[in-house]
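Peer 1: Sequences and hints are given; from them, build the entire structure.
Chains X and G, in that order, are what the protein sequence lines are.
Be aware that the first sequence starts at 79, since it is given in the working numbering, and climbs by one per residue.
Be aware that the second sequence starts at 2, since it is given in the working numbering, and climbs by one per residue.
The set of hints was computed from the structure by calculation and includes no laboratory data.
Where hints are given, some of them may not hold.
[What the hints assert, rightly or not] If the Cβ cut is set under 8 Å, some of the chain G residues that face chain X in the computed set are:
1) 55
2) 75
3) 80
4) 85
5) 87
6) 91
7) 101
8) 105
9) 106
10) 179
11) 182
12) 230
Positions of the beta carbon are idealized from the N, C-alpha and C atoms, including for glycine.
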Amino acid sequence: MSAGLKSLLRGIAMPVLVLVLWEATCRAGLVSPIMLPSPSAIVIKWVEWLRSGELLLDVLGSLGRVTGGFLLGAGLALPLGLFMGSSPRIYEYFNPIVQVLRPIPPIAWIPMSILWFGLGNPPAIFLISLGAFFPVLMNTIAGVQNVDGIYLRAARNLGAGRSTMFRRVILPAATPYILAGIRIGIGTAFIVVIVSEMIAVNNGLGYRILEAREFMWSDKIIAGMITIGLLGLAIDQVMNALNNYLLRWHRGMDN
Amino acid sequence: MDYISINNLSKTFQGSERSVPALLDINLSLSRGEFVCLLGPSGCGKSTLLNSIAGFIQPSAGEIIVDGKPVREPGPERGVVFQEYAIFPWMTVARNIAFGLEIKGTPANEIRDRVDTLLETLGLKEFRDRYPKDLSGGMRQRVAIARLLAIDSPVMLMDEPFGALDALTRRTLQDELLRIWQESRKTILFVTHSIEESLYLANRIVVMTYRPGTIKRNQVVDMPHPRDPSGAEFNELKRELGLLVMEEQERHTSDEMKAL
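Peer 2: Put into structure tokens, the structure is as follows:
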């Protein structure tokens, strides 16, 4: 048996064992199906949800909010971070505000965001963009501030002006930091989207699992949780691929 | 007329506790096409002198004139090969070499031809589309040299460029540099603490004193290239310069002991 196959089997063994025990416990009637529905019931519910077309809409709704909120937040954070990182004066102007606002969790903004934006997508997008904004901002600042001086000197020596320096030296040199910030930012955005859907909107995965609780559809709640997990995994995989592509020149963060 | 002339140059670094006199009243001239080595122990100010000519360091007193113009800031006419690997890791070898030309606004087809020629000259052809992380130290310094040859800097300032390389790679690159120098007749100022390296390369060796950096000896080396490091003349000079450098090294050591 090849090493790859062995490792695959080991990886599968535990989940299979857990599922079998779980199913057996439920079938034996040891727990109420409301407290813990069986895996098979969850799968059946999930397929039913998928077939109704509702699942796809929920997934697209959540994804759309994450994307919109993230693009807004990161799109504002990136230029601000580049300016703050490269100009001590701009840094001095903005840093105190950033330091005060940054530790406030996006969740704490929920009441104000509802007052400001009402219900629906606007407060959700606002909250998600807040979640993405600060990680991207902080990392962009750090990335620019940590550009190795030797590259700046080499570029000046070769005759680089301000704009070339920015585009072709500072920005690429800061990319490892910026991408790390983007990963954290998108992770936060994904947490915030689920929460904000539980409050402000009436579709999306977060809304759906809360709605299912009202009807005690615990099979649907768990099916929704698993979908959220898979979606998060997919986002992370995409980010990973993007990271590897953009940093193909880089040895790794430890260098 | 002198191509590079350094007149009464002094540099003192102001620290928070004490100030360090790095260079004191340096007077030195280089003619066009000379290959001069600055030799001395670490702390003798040779890198400070090189960085002043490059325009990275503003002198405390005195002036530097290159090709009739006083040095005020860094510029491509005074190309630097740094001690650390300063080629850009996010650019391929070809992009690194092209960078200076792109800044100048050279047409793309001209850049391509120039880069191709340089890749060929420096034995980098197979590494064209590789990133620096895939290159050995010697290859990276070849790229750094090619980057300056691309923009045709008439002056090349080299700050211990081969210091981190193993002995064999170092010798290969020294030979390559000599070949480039003989073909292009660039003016080269080369900082090193290796007596043998300076004797192998330079037509003039400037030995510097330890703190403050002054010129201890201006030694013309008129042996023809390629030089034989085991030859009698080579070794006689090596012995002589060795004594001079060791005097300074001892001052360096006793200074360090005092600092403890």
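Peer 1: Out of the numbered hints, which ones does the structure contradict?
Peer 2: 9, 10, 11 and 12
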